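Numbering (the numbering used here), first residue to last: 4 to 405.
One should not assume that every hint holds.
Unchecked claim - Subject to a maximum C-alpha distance of 16 Å in a straight line, what follows is the list of computed EDC-like cross-link-like pairs (lysine to aspartate or glutamate): (1) Lys283 - Glu243; (2) Lys376 - Glu202; (3) Lys157 - Glu146; (4) Lys157 - Glu202; (5) Lys201 - Glu243; (6) Lys316 - Glu305; (7) Lys334 - Glu243; (8) Lys316 - Asp299; (9) Lys362 - Glu372; (10) Lys17 - Glu39; (11) Lys80 - Glu243; (12) Lys80 - Asp323; (13) Lys271 - Asp252; (14) Lys271 - Glu307; (15) Lys271 - Asp299; (16) Lys41 - Glu64; (17) Lys316 - Asp344; (18) Lys77 - Glu45; (19) Lys196 - Asp252; (20) Lys148 - Glu176; (21) Lys148 - Glu91; (22) Lys80 - Asp321; (23) Lys281 - Glu243; (24) Lys9 - Glu26; (25) Lys155 - Glu217; (26) Lys177 - Glu64; (27) Lys25 - Glu45.
Worth flagging that the hints you see were computed from the coordinates, not collected in a lab. Note that the structure is a prediction, hence the values are computed from the model and not measured.
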Amino acid sequence: MAHLFKRGKRYHLKYSLGGKQKEVALRTDSLQLAKEKKRQFESALALGNENPFPTQTPIAEVLTAYVAAIRARKSAKSAQTDIYYLREIFGSVCDAVTITSRKTTGRKRPSKISQVDKRKRLPIIEATCFEAITPAQIAAFIEFKVRDQGLKPKTANHYRSILRRVFNWAIEEKGLRIPNCNGGRHGNNPAAKVRPYKEQAPTIRYLSMSQIDEQLHVLRFNPRLQTMAAVLIYAGLRREELLWLTTDDIILSRLTSTRPSMIRVQAKTINGQYWQPKTKRNRAVPISQALRQHLDRYTSLENEHGLYFPSPKGELWDPDNFSADLRKANKAANLQWACLDYRHTFGSQLAQKGVSLYKISILMGNSPEICRKHYASLIPEALVDEVEFGDSQNSDISLHRA
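Given the sequences, and given the hints that come with them, work out the whole structure.
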């Protein structure tokens, strides 16, 4: 049995569990409310449940612990992406989600005074504690992002997914108890109770054969960028997979040899930094004759890390810097193709050739379901024979009589 007592002006509950005396703050000075909470608490103990009262944990405390957890389990880039979304949602509420400041020279620069600081006007989710965040707050925040900032449904759903993961972790790992979210189809997670946006069918861009020739011709005066674009187009690699290639990953067999030439996309450590493919699975992509011509003409610059495509400084190329250099080279020719378009070109051209989606998924390091979403509509005449049934001759007669 539990009994009530007052400490100051507020009621507390004292009970015994496992031979130990424990106390719970009821956070009320009303005797009627205290008695009702006492009844709920005793009912929960009788059913073998834990403390039914919601916890009150500062948002900063939850985010600090969550960021530490994802940094231990995810890659640095993946964790940093999640931290960006957390900062957009909650603001710089703690050091864990605050942008690391750069070193300054010590000289103060004159501050630019603007009439409207748009950054400060952006809404964030605020509450007295993490448990006080409601589905209505989450829905209103995402709705603003969609309505006023033009977020696509897929990105809006990603915000919802980030919050759902944080709440699940907080409930399971930190033992948070959320009020007014008991049971139901979505459990105790308020983010899961927010209705997701309906996403549009995926659309992709890819190059035709004439556009491939045009793209590679535009880059003819920059052999390194030309060869890198050729690898993306003819091997379907992701951008980071391309930049992390080493000389050991490119296997160029003799033309008279029966051993195929291959590009190995595999995990590796360079300069103390570990990297692995996005799907955490190594794979090998055969080198086509068209790609072999580019690789035979290319000579990799010597560098201490053995990179096949080092940056102009002989180091690992930053992905954003590589994309910027590629855009700059294409700008003069008014071309706007991106690395993802090159990768989709590989999958799309194979699909139009009649290669099975399963084989395409193996070559590209994707799941068959992803390849089906992107390339199923491009497979020529794949299902023509599947729609025929019955006696075709009788069908012709029926159509003639009609």
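16 Å limit on alpha-carbon distance, applied to hinted pair lysine 80 and aspartate 321: Answer holds: lysine 80 to aspartate 321 is near 12 Å, not above 16 Å.
Does glutamate 305 lie within 16 Å of lysine 316 when you go C-alpha to C-alpha? The hint holds at about 11 Å.
- Message: What's the verdict on lysine 80 and glutamate 243, does the C-alpha distance respect the 16 Å limit or exceed it?
- Response: This hinted pair holds, its Cα atoms lying about 11 Å apart.
- Given the hint that lysine 271 pairs with aspartate 299, test it: the Cα-Cα distance must not exceed 16 Å. Not OK: lysine 271 and aspartate 299 at ~24 Å, beyond 16 Å, violated.
- 16 Å limit on alpha-carbon distance, applied to hinted pair lysine 177 and glutamate 64: holds (10 Å)
- Task: Would you mind confirming whether the straight-line C-alpha gap from lysine 362 to glutamate 372 stays at or under 16 Å?
- Result: holds (12 Å)
**Report entry** 16 Å Cα cutoff - pair lysine 9, glutamate 26
**Finding:** holds (12 Å)
Between lysine 271 and glutamate 307, does the CA-CA distance stay at or below 16 Å?
-> With a Cα-Cα distance of about 15 Å, the restraint between lysine 271 and glutamate 307 holds, given a limit of 16 Å.
**Study point:** 16 Å Cα cutoff - pair lysine 25, glutamate 45
**Key:** holds (13 Å)
ask   = Under the criterion that the straight-line Cα-Cα distance not exceed 16 Å, is the pair lysine 148, glutamate 176 satisfied?
value = Violated - the C-alpha atoms of glutamate 176 and lysine 148 are around 29 Å apart, more than 16 Å.
| Agreement of lysine 77 and glutamate 45 with the hint, judged by alpha carbon distance not exceeding 16 Å | Violated, because 42 Å separates the two Cα atoms, which is more than 16 Å.
- Message: Given the hinted pair lysine 196 and aspartate 252, is their Cα-Cα distance within 16 Å?
- Response: The hint is violated at about 47 Å.
Of the hints listed earlier, those the structure fails to meet are numbers 5, 7, 8, 15, 16, 17, 18, 19, 20 and 25, in rising order.
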